[in-house]
Each structure stands twice: as C-alpha cells, then as structure tokens.
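Student: Those protein sequence lines, which keep their order, are chains A and B. Under this note's numbering, think of the first position of the first sequence as 1, with each following residue one higher. Under this note's numbering, think of the first position of the second sequence as 1, with each following residue one higher.
Please keep in mind that the hints were generated in silico from the structure rather than gathered at the bench. Note that the coordinates shown come from a computational prediction; the quantities given were computed from them, not determined experimentally. Backbone N, C-alpha and C define an ideal beta-carbon position, used for all residues, glycine too. Misleading hints may appear alongside valid ones.
Per the computed footprint, the stretches of chain B lying under chain A, defined by three or more beta-carbons under 8 Å from a beta-carbon of chain A, are [claimed, not checked]: (1) 34–45; (2) 104–110.
Pairs of lysine-lysine, DSS-like flavour, derived with a Cα cap of 25 Å [as the list claims (entries may be wrong)]: (3) B:K107 <-> B:K21; (4) B:K21 <-> A:K68; (5) A:K40 <-> B:K85.
Listed here are the chains, written in short residue letters.
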Amino acid sequence: MEHIRVITISRQLGSLGWEIASATASNLGFQFYWREVLNKAAQRSSSPEAALAAIDELGLLGICPSPKICLAYRQAIEQVMFELANIGNVVILGRAGQAVLRNRRDALHIRLVSSIQTRAERISCRHNISLESALAQIEASDRYRRNYLKRHYQICWDDPTLYDLTISTERLSIESAVAIISQAAGNTQELPETTHQAPQE
Amino acid sequence: MYSSNKKLKQFAHPAEEEFAKILDFYGIEWVYEPRTFPLEFDEQGNILEAFTPDFYLPQQDLYVELTTLKTTLATHKNRKMRRMKELYPDINIKLFKRREMNNLMVKYGLDRSGDSTLNTNNQAE
Chain A
1 MEHIRVITIS
11 RQLGSLGWEI
21 ASATASNLGF
31 QFYWREVLNK
41 AAQRSSSPEA
51 ALAAIDELGL
61 LGICPSPKIC
71 LAYRQAIEQV
81 MFELANIGNV
91 VILGRAGQAV
101 LRNRRDALHI
111 RLVSSIQTRA
121 ERISCRHNIS
131 LESALAQIEA
141 SDRYRRNYLK
151 RHYQICWDDP
161 TLYDLTISTE
171 RLSIESAVAI
181 ISQAAGNTQE
191 LPETTHQAPQ
201 E
Chain B
1 MYSSNKKLKQ
11 FAHPAEEEFA
21 KILDFYGIEW
31 VYEPRTFPLE
41 FDEQGNILEA
51 FTPDFYLPQQ
61 DLYVELTTLK
71 TTLATHKNRK
81 MRRMKELYPD
91 INIKLFKRRE
101 MNNLMVKYGL
111 DRSGDSTLNT
121 NNQAE
C-alpha cells in the first residue's frame, strides 16, 4: 500500500480553493504549488508573457502569445508538474493537474465546487464589489478554465470521472474539506497495474 | 508580494495606473520604472538616449512597456525595443499595446477610485 504523494486540486472561482489547497498541504506536511508552476514554466520556456496570459483569466491585460509560444509554455508547465510529482509530497493547485497527472497512480485528484450564488457572495464580500460584478468574474473565470481543459486536453472540466473526490464547499468549512482530503490521501491505495473489471452495475 | 508603496506612486500616464491596478488584482508583484537602460552614447561615452520601461515584474522576470495604439508613438517605442534587444539580449521586455479597458474594469468591479480591490489576489481562488 502506497500513500498518495501528489494531490491536484481543481476549483471554481469562489469555492475556497486556494485556502483549502494551502491548508491541506500544511496539514499533510506537503509543499504547496500554485503560481510557482506558472512562473517556473515561464522561465523554462523563455515566455514570461505566457505566464501573464495564463493568469489573466478576465482578459484585462489583453495578451495573446503566439500558438508556438503557447505550446512551448504548456509543455513547460507539464514538465514542471511531472518534476514536482516525482519529488512527491506536493499539492498542486490548478493548471489542469487532473489532466496532466491523470495516469499517475500516486496522485489524488480533487475538485472543489459551490453554487454560483455562494461563490458570487464570497467574491463580492472578499473584494467589496457588487454581486453583479462578482457574477461577471465568475462567468469569465469558469469560461476560461473550461476552455483551457477543452482546448488543450479535450476533456470536460465538469466530468466527475476526472476526480477521485469532488467536494462541495457550499456548507462544509475549510477545515472539514481539509480533513476529508487528508483522510482520502492517507487511505487511498495505489491502483494495481491491471484494471479489474467490475461486475455490471 | 506587491509593490508596497503603490499608494504613493505618481504614474506618468493614467494607463499605467490602470495597469498597476490590474496587476494588483491578479496578485502580480510589480515595480514601477525601477531601471534605466542606456541606448546610445556619444564618443566620450556620455548617454545620449536611454529607455526606462514602465514596469518590472520580478516573479516573471519581465519588463513591461505600455504604449497606446497611436502609430507614431508605437513606432518610436518599437525602435527603442529593438535597440534594447540588441544591447541587452538577456533582458525580457514586452511592449503592451493598451486597449481601452474601462468597460471591462467596470464590469468586473475594478474601476472604483477607492482601490479596495487592490491586493486581493483574485486568482488565489
């Protein structure tokens, strides 16, 4: 039995993703990686503007790197993720970790969601902006993240089979979510080399 | 993480202030006009022309120069950019053509003069 060494966390804007990811890393004694993945990839692919474009979910900076730069950058992101996963004991937030590392048997893939109303209220409260503005941010962010996965990995962000565990943070506290993820990480067995055929469900 | 004294900054152009606001919104560290690069010298080695990019983004190791869509200004800055790349090939620098962002900033709630969205690190979510 081998414990999980890599946790990827995919989150919706306003679902408390950063808080839960960082607290999970702290709880498990793992290293937490977020923007570092982007910036390392930017350095490696010599395309710092691509990192900015990746951060610019709302399209405010108006950066459009060439397809060649985008490809080099995405490959660098994947390379950085594989290296981090090989080091192990890491929590990686965002950047399609559930797709890039989907075949790793020591990886646990988490998805965090909340209702759009709750997310809007959180964003509105956090940034002291109107609910309307918060909703606009959420719609743009959801569109960006969904398109990123679709365009580069041909997967649907909402596909539940991409994740080992989906947690709604609608009512659960950050601490509860961290406890659930930590328990899953501690109790998940490495999958066997050959996939067993389950009986017809 | 962010420019700590941005409230005291006197930007040369409103577009620069707007750009700084967007960087703050995304939690991107920045420094305003931190370095001047000499571009041309006379025979005595005196600096005839220099270039001071508007921003430096340490996390991305990137200098950013903003320009408007006016052709004459863009041409002038493009020439400086080319000279920069000749003299300082290891420096990452990017010319950003500023579009009109006001509508988008209003839509997303970033337009308020109180700047309460600054330092909020939106993408942490």
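Student: For each hint, tell me whether it holds in the structure or not.
Tutor: Going through the hints against the structure:
Judged by the Cβ-Cβ criterion of 8 Å, the region 34–45 of chain B is not covered by chain A as claimed, because only 0 of its residues qualify and three are needed. Counting residues of the region 104–110 of chain B whose C-beta lies closer than 8 Å to any C-beta of chain A gives 6; at least three are required, and the coverage claim holds. Proximity of B:K107 to B:K21 is assessed by CA-CA distance (about 15 Å); at most 25 Å being required, the pair is judged to hold. Pair hint B:K21 plus A:K68 does not hold up; C-alpha atoms about 29 Å apart against a cutoff of 25 Å.
Restraint check for A:K40 and B:K85: the C-alpha separation of about 23 Å stays at or below 25 Å, so the hint holds.
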